[in-house]
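Take these sequences, add in the hints, and give me the full structure.
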Amino acid sequence: MSRAIRAAAAVLSLFAASAAVAEAPARPARLGLCASCHGESGRSAIKGTPHLAGQDLDYLKSALAAYRSGARDVAVMRAAVGALTPAELDELAAWFAAQASAPQ
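FYI, numbering that gives the first Met the number 0 numbers position 55 of the sequence shown as 54, with every residue one higher than the one before it.
Do not rely on the hints blindly, as some may be mistaken.
The calculated label-pair distances, taken between Cβ atoms and stated as ranges, are [stated by the list, open to error]: (1) Gly31 <-> Arg77: 15 to 21 Å; (2) Gly53 <-> Gly31: 16 to 22 Å; (3) Pro102 <-> Asp55: 24 to 30 Å; (4) Ala99 <-> Ala74: 28 to 34 Å; (5) Gly69 <-> Glu22: 29 to 35 Å; (6) Pro24 <-> Pro49: 27 to 33 Å.
Honestly, the hints are just simulated from the structure, not real lab data. Since this is a predicted model, take the numbers as computed values, not measurements. Idealized CB from N, CA, C, for every residue including glycine.
Structure (structure tokens):
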């Protein structure tokens, strides 16, 4: 491989890596609330608790809003997210959506 091609490949890989880092959401301040059951990475170790890692962002936002409003009547979830602001819910949804999904 020529020197120019290797240099171009190196530059492109740096751009790709920096774009991936730039898109990764910051760790939410309220993550511990969810992590106690769903795991910080969104891969739950508790039987019967759903994995959140890699879920669709819009789905997670919608589900969290439904728990908060009571449209999804799950007491533990309503208690967990009831005091969170819409911005905090969006941060949590973005965090879990960006995590690598659990192996099947």
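Status of each hint after checking the structure:
1. With their beta carbons about 18 Å apart, Gly31 and Arg77 fall inside the hinted range of 15 to 21 Å.
2. Restraint check, Gly53 to Gly31: a C-beta distance of roughly 20 Å satisfies the suggested window 16 to 22 Å.
3. At about 18 Å, the CB distance of Pro102 to Asp55 disagrees with the hint of 24 to 30 Å.
4. At roughly 30 Å, the beta carbons of Ala99 and Ala74 sit within the given window of 28 to 34 Å.
5. In this structure the supplied range 29 to 35 Å holds for Gly69 paired with Glu22, their Cβ-Cβ distance being about 33 Å.
6. Roughly 20 Å separates the CB atoms of Pro24 and Pro49, a value that falls outside the hinted 27 to 33 Å.
Comparing the model with each earlier hint shows violations of hints 3 and 6; every other hint is respected.
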